[in-house]
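Participant: Those protein sequence lines, which keep their order, are chains A and B.
UniProt numbering numbers the first residue of the first sequence as 1 and each following residue consecutively.
UniProt numbering numbers the first residue of the second sequence as 1 and each following residue consecutively.
FYI, nobody ran anything at the bench for these hints, they're computed from the structure.
Even for Gly, the Cβ is constructed at its ideal location relative to N, Cα and C.
Hints may be right or wrong, so weigh each one.
Derived Cβ-Cβ restraints for the label pairs, each shown as a range [said to hold, decoys possible]: (1) A:T113 / B:E85: 33 to 43 Å; (2) B:A126 / A:T436: 29 to 39 Å; (3) A:T113 / B:E121: 30 to 40 Å; (4) A:D206 / B:E85: 49 to 59 Å; (5) B:E122 / A:R380: 50 to 60 Å; (6) B:A126 / A:Y276: 53 to 63 Å; (7) A:T488 / B:E122: 29 to 39 Å; (8) A:G196 / B:A126: 26 to 36 Å; (9) B:G137 / A:V202: 37 to 47 Å.
Each chain, letter by letter, is given below.
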Amino acid sequence: MTNGDAGGPQGGTTRRELLSMIGAMGGAAAMYQAMTALGHAAETQFTGPPALSGARPGSSVLVLGAGLAGLLAALELSKAGYRVQVLEFQDRAGGRNYSVRGGDRIVEVGGATQTCTFAPGNYLNPGPWRIPHHHRTLLHYCKSLGVELEPFIQNNHNAFVHRGDAFGGQPQRYKELAVDFKGHISELLGKALNEGALDQKVSVEDKEKLLVALREWGLLDANMAYTSTIRVAGQRGYDIPPGGGLSPAPTPSSLNSLGGVLSSNVWTQMGFYFNYVMQTTMFQPKGGMDMIAAGFMREVGQLVRLNTRVTRIAQSDAGVTVNWTDTQTGEAGSSSADWCVCTIPPPVLSQIEMQVGSAMQNAIRAVPMNGQVKIGLEMRSRFWEDNYAIYGGHSFTDQAISLISYPNDNMFKDGPAVLLGAFANGAGAFQLAGMTPEQRIEMALEQGSVFHPAEYRREYVSGASVAWSRLPWIQGCTSRWTEASRATHYRNLCDFDGRIVLAGEHATYYGGWMEGSMLSALDAIGRLHSRALSA
Amino acid sequence: MRPAGFAALAGAAGAVMGVATASTSAQDSAGNVSSVAIAEEGAGVYVQICQACHMADARGGAGAGTGIPALADNPRMADKDYAIEIMIKGRGGMPWFSDILSSRQIAAVLTHIRTNFNDYEEPITALEVDRAIALAGGPVSDE
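Next comes chain A alone, as it looks inside the complex:
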């Protein structure tokens, strides 16, 4: 990360002055680029809620889909003075902003049906589940809509890392592996430095500093070796932990070998937590992710028609007409408006007759989706807290389930709690999605048992799985782009076709995040408003 204070302009020009000069000369894009280089504005492109106003009297917008993109569009466009109607296929708003609770039914392509039996207050967030602190759009709307957020615990040093071929398949605590990893690496690098292997690369002065850094950071002993000391135990844990009074003195723990640590792949997790979107602080809405959709619905619920399957999207110079069927009553109808913001996901949209040109048609057919799988397991008690001192965070595995994640709320409470028993991607997700719901639960219990063998099956009460590729209303979870498809189709996907503009998770560079869907909607409605005013 470039640090403006160290590398910035010299000679009395302040950063603000410089930026305004750049802005005046090169426009907003140049300024944005410069701000990023100077260490500002490295967050999302959110610059505050849109100040749309002054819609032409009587002008109207039809929004297809009541996910976050559609709900945001409806909220801001109605504020700007448009007459807005939202058509939603499902019996609930939110789309992927979704929580599964006791009583909810999950119906899959092929007919498999689960009815969740979680206790009141418990839930699974099958889609989005963690919110980065820099997703300013989403955080803005959470705040303004009164959606209460709580910390989402990301890096838990006391959770486990498991790989089948490491440590005989026994999970190890993250803190032990991570501390051992940096200790061993520090010792090796120190040896290389002391043997002069890097003298051509490092100045004498830097070499000295680096040796100090390695000793301090890697917790090396006086001989620059990573050995079991009480100082190391201060990071990775003790055999006998510190006590009081006449209790025994603390003793250090024994270290894992370099080979053992390497076999654990722990650097994957260490690196994972460095990802900008994974850095603390992260958040979740209290009570379930769909509290965000609920917040929007408090504002625009009266504009949303649920249970409405769009069957045809037509347009002319005068406006847009959408035919639909009510999935509850079978009633057929149509809705018309001057403009249309369509947020229906590409795999579904490509099945609907739509009067747009081939450029947009081809773009809609060029966005395949990932089919992640999440599984919620309700457990009778919080044994991970009581028996393992694990409060929130994730235990990782190389099995199909990828991880188990511990609840971030209601710690120390009695009564049942829901663990995330799987967050599968790639091959593991295909494997789990292809199973029956019962088989998925069985696999989740079997694989998750490596972390908590005595308790996992004993405390299990019930489970619910969401295999995104099997959900008829979306047939996938997150969009996939290649450099080539982005170059060929992205602009055609996002550009207006007549009176229709697309928005949603597929129409952003920030795929797979609610922030991206919302930025997409903001961009689309901004362009819509300009067009409507100049039409």
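Since chain A is already given, all that's left is putting chain B on it; use the hints.
Facilitator: Relative to chain A, chain B alone:
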């Protein structure tokens, strides 16, 4: 983009292909590297991969009103090149699979689909898949 080293390591490890899923993209992911092994024979690949969408009976999702096509009794499966192309490039909502399946696995599962769910007896070979990937300018990868 997937680091090429993972595939090479997995290949060197033996017949079972390990699949790296630690995402380097900005999308949310579990943060692990998966060792999930996918079968080498066609029927196994079908169960572990294809039936997630095309269903165990290969009838797809048409009954649910989705666009997921049936692979069973599908005359388009007569065209080997067509079948291979979809597996290595994807189409519509379906992604490409050359990143998690080897050419041998792609050939095996296509042969399984053509013979078990259809009546096209001529097998598809890994060499044909390799050739198609080369012709396409290499395997597709996420941006």
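Participant: Would you mind marking each hint as holding or not holding in the structure?
Facilitator: Each hint tested on the structure:
no.: 1; hint: A:T113 / B:E85: 33 to 43 Å; verdict: holds, 35 Å
no.: 2; hint: B:A126 / A:T436: 29 to 39 Å; verdict: holds, 32 Å
no.: 3; hint: A:T113 / B:E121: 30 to 40 Å; verdict: holds, 38 Å
no.: 4; hint: A:D206 / B:E85: 49 to 59 Å; verdict: holds, 54 Å
no.: 5; hint: B:E122 / A:R380: 50 to 60 Å; verdict: holds, 56 Å
no.: 6; hint: B:A126 / A:Y276: 53 to 63 Å; verdict: violated, 39 Å
no.: 7; hint: A:T488 / B:E122: 29 to 39 Å; verdict: holds, 33 Å
no.: 8; hint: A:G196 / B:A126: 26 to 36 Å; verdict: violated, 50 Å
no.: 9; hint: B:G137 / A:V202: 37 to 47 Å; verdict: holds, 42 Å
Going through the hint list in order, the structure does not satisfy hints 6 and 8.
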